[in-house]
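So the protein sequences, as listed, match chains S and V. Sequential numbering from 216 applies to the first sequence in the working numbering. Sequential numbering from 96 applies to the second sequence in the working numbering.
For the record, the hints were derived by calculation from the structure and aren't laboratory data. Misleading hints may appear alongside valid ones.
Stated by the list, open to error - Label pairs and their calculated CB-CB ranges: (1) Phe577/S / Gly192/V: 36 to 42 Å; (2) Glu349/S / Thr235/V: 40 to 46 Å; (3) Thr235/V / Arg296/S: 23 to 29 Å; (4) Leu173/V / Pro367/S: 49 to 55 Å; (5) Ala842/S / Leu173/V: 19 to 25 Å; (6) Ala767/S / Arg167/V: 19 to 25 Å; (7) Asp247/V / Gly399/S: 28 to 34 Å; (8) Ala152/V / Asp341/S: 53 to 59 Å; (9) Arg167/V / Ala841/S: 46 to 52 Å; (10) Thr242/V / Asp341/S: 42 to 48 Å; (11) Gly761/S / Asp247/V: 38 to 44 Å; (12) Val190/V / Arg780/S: 53 to 59 Å.
Just so it is clear, CB atoms sit at the ideal spot from N, CA and C, and this is done for glycine as well.
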Amino acid sequence: MTRRLLPALLAWLAFVGVSVAVVSQTRFTSDLSAFLPGSPTAEQQVLVDQLRDGMVSRLLLIGIEGGDAATRSALSRELARLLRADAAFGVVANGEAVHRERDQALLFDSRYLLSPAVTPQRFSVDGLHAAIGESVDLLASPLGMLTKSLLPRDPTGEMMQLLERLDGDARPALRDGTWASRDGRRALLLAQTRAAGSDLDAQQEAITKVREAFTSVAQAQHADGARLLLSGPGVFAVASRATIQDEVLRLTLVSITLIVTLLLFIYRSATALLLGLLPVVSGALAGVVAVSLGFGVVHGITLGFGTTLIGEAVDYAIYLFVQSAPAGERTEAGRRNGIAAFWPTIQLGVLTSICGFATLLFSGFPGLAQLGLYSVAGLVAAVATTRFVLPHLLPSGFAIRDVSPLGLQLQHLLANARHLRWGIIALALAAAAVIHVNRDRVWNHELAALSPVPAADQALDLALRSDLGAPDVRHLVVVSGHDAEAALQAAEAVSARLQRLVNEGAIGGFESPALYLPSQATQLARRAGLPEPAELARRLELATAGLPLPAARLAPFVADVAAARERAPLTRADLDGTSFALAVDSLLIPQRDHWIALLPLRAPTDGPFAHAIDPDRVRAALDEAAAARPLFIDLKGESDRLYSGYLNEALLLALAGVAAIVALLGLVLRSPARVLRVLAPLVAAGLVVVAGLVLAGVTLTILHLVGLLLIIAVGSNYALFFDGSEGAAGPAPRTLASMLFANLTTVAGFGVLAFSSVPVLQAIGSTVGPGAILALLFAAILSRP
Amino acid sequence: MRRAGLIPLLCAVALAITAPLAAAEAWSLEQLMHALGKQRSGQASFVERKYLAILDAPVESSGELHFRAPDRLEKITLAPRPESLLLEGNTLTVVRGERRHVVQLSDYREIAAFIDSIRATLAGDRIALERTYAPSLAGTPQDWTLTLLPRDAKMAEVVLRITISGSHAQLRGIEILQADGDRSVMEIVAERAAR
């Protein structure tokens, strides 16, 4: 105990108290804002909004397998009935005609407001003649069976126009009255949650509801063989969250157990073990506090990363205990001398690490910037705790077991290992060659590379999606307006261009809120084009000349048109109770101070542009509707571009970090040769790890890059210890032993992550685990005797 | 008999095969179906007239019928408007102008009634035919009339009766009487199909 204990301890306790207070107020988030840049473009904003709250993010794809077709259909009906009664679901579709009557009634009653064919020209004598003639011809077709009864009221065929347009989507096949997969072996349902896709708790609740409803339905119908399949963005997100939580917890437990076992073995002292974990806790707290204060919110990804810092922060205590408290040096004074001897090296190592991580602070990728801040704050806190608090807490007579014998053995090994130096240089050159040869496929530029969703689940999703014809909404046109009416008018302007692309076969089709709810202006214009009853009757007399349908039979038509002239334009409220309400709400969305209309495009299923939309053609067509200021967004392309941008930026920042490290070492060591000797093993270790990953068929993501920075952070300590002991017969035995211990704990902490099924964690583990071992080996072998 | 294409519908070879049947006095549904079932494929032209209460004059359409056993029937209308209608399995594809509709037959019982009766008869598929209709056969092999009455009450609300006439394995006409009094009459003329 010392007299400096009190201020240091008080300061530390104050730090912990404030930290806990800040952490308790901190908002943790796991949504996609981690990927939204600080100042997003309009396209990026739409992308993130769609992923977070868009209609696609709220879709649950449901399949029922097993049993016979009749059983599956019965289960589908009953499941849909239960879910429809649940307020958590906005719509549940399984092919049953729940809305059909109301839909058709609305379409028929408002056909003269909704049909794009309604123009003054169509109601001229010639227009009527042509339209009625066509309707009569249709009677010759089997389709005429459907229109025959409507003919007296709708001789111009507006209802058929509307139905054809709405039927454009690829619909799933029907078996026994409900949707089924094409091979007929699965019943299919589509449910849309009311809650946003980013509200994972609500998504989880909805998923549980579907499962429970299915279980009760299957039990009631004694359908033991039936199985439920579930997919969709919400299912993925919930499963990913569960996987990440499970894995972080499990892997943290495993690595903590490993590290504690190692430390107990090394220290042979429970006190030392507990004290040794103090810098770890301090570092983790400081990291969260810094990110919370700096960003206002802490991402789950950052928190997950926090577990990995354990492996690094625990090293400092090891250096302190092993190097400063050799057997026999149990006095305060003796320890102080020990600390004075090794501390400058640690200090430089920490500064090196900070240089590496600090550059990440400048990343436009908030996830990465948070990692940078977390690491810098965590390292500083861990080191400060080790230096200024820990020594005072060591009880008098504190001692760990004597590690000198091990150290001496290591010294012997080291002397022999130095013969391998040319081998290492050759290995590093070979690794560089491998990387160079494969330089085009080293980095993965797709965001999906970070997705924790297993391939089997993605395949199921694809199968359900293609059977359902569910929109994957990859290509979107977005227009905006100061109010809903303006947005709808813009959508109509763009629709005209898009229809031309449909006719050319460049796109398969498109959706628009204006299909279901035309702008008031358009509805009024259509209404104004309808002639007065007397005038219409007069024109009909002329128009039906030569047709087998006399004007006298069309009195119901004249009456309907007269009524339509008095009908108020449709509003959103009129759509309530029809399936169009949901369509409009999904596609016409209020923002803070304006409205946006989404027009998802569908790829053609055949023809020269089958299954692929050419963005340039769409952009060219949209240029002609520039007044509506449409945005064309390729959601997958946009997200990949966003991620790719982050990756390139992170690479540049990492290079800047390396430059900063070189500058720092040059400043402190004042010898280019020594800088080279410190960096050489780190660079060699990085090259060999990257080459190994490339040869193993792994394409690197942004998290591998973070892993490489960690190798520098951890490895710089090793290299500096070897460099600092130059001239002697290498580092002291105690120092060597401490490096071995530090390395083992680092590998235990990070290496475990390599076995994770979460790509983010696996990437860091598979980089830092081998990298830390190699960095130590290379630093030893390349050190000068 | 997997010589599809070699023996067109309604061709002389078929007549030869059914000749012994013609000689026999008894002419049963079983025999008619058997004779029709021998036909693997064929084509014919048709003229169809629909007599609708709402119209003063019948609407006439004409075109071609193509059949390939067991379940592919294509009705290509050339006039007054080109339209193609392909029934394959349970899937009905209608192409009219720019529009292409793909529907499951089971969704549209009204349309299905018409087409399925032709297909099942052409295929000689007695089981399929009897699933939907109560068939009764009258006449001789040279001049027979097959009357189909819908079994399903819902379908009977639309279709009252379907009458198919023919000679041996050759269909000559199909008349469909709807519940609302409208009727359609289709005349079928066999073509010597290209081999």
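Evaluated hints:
no.: 1; hint: Phe577/S / Gly192/V: 36 to 42 Å; verdict: violated, 59 Å
no.: 2; hint: Glu349/S / Thr235/V: 40 to 46 Å; verdict: holds, 44 Å
no.: 3; hint: Thr235/V / Arg296/S: 23 to 29 Å; verdict: violated, 55 Å
no.: 4; hint: Leu173/V / Pro367/S: 49 to 55 Å; verdict: violated, 29 Å
no.: 5; hint: Ala842/S / Leu173/V: 19 to 25 Å; verdict: violated, 45 Å
no.: 6; hint: Ala767/S / Arg167/V: 19 to 25 Å; verdict: violated, 44 Å
no.: 7; hint: Asp247/V / Gly399/S: 28 to 34 Å; verdict: violated, 22 Å
no.: 8; hint: Ala152/V / Asp341/S: 53 to 59 Å; verdict: violated, 22 Å
no.: 9; hint: Arg167/V / Ala841/S: 46 to 52 Å; verdict: holds, 49 Å
no.: 10; hint: Thr242/V / Asp341/S: 42 to 48 Å; verdict: holds, 46 Å
no.: 11; hint: Gly761/S / Asp247/V: 38 to 44 Å; verdict: holds, 40 Å
no.: 12; hint: Val190/V / Arg780/S: 53 to 59 Å; verdict: violated, 36 Å
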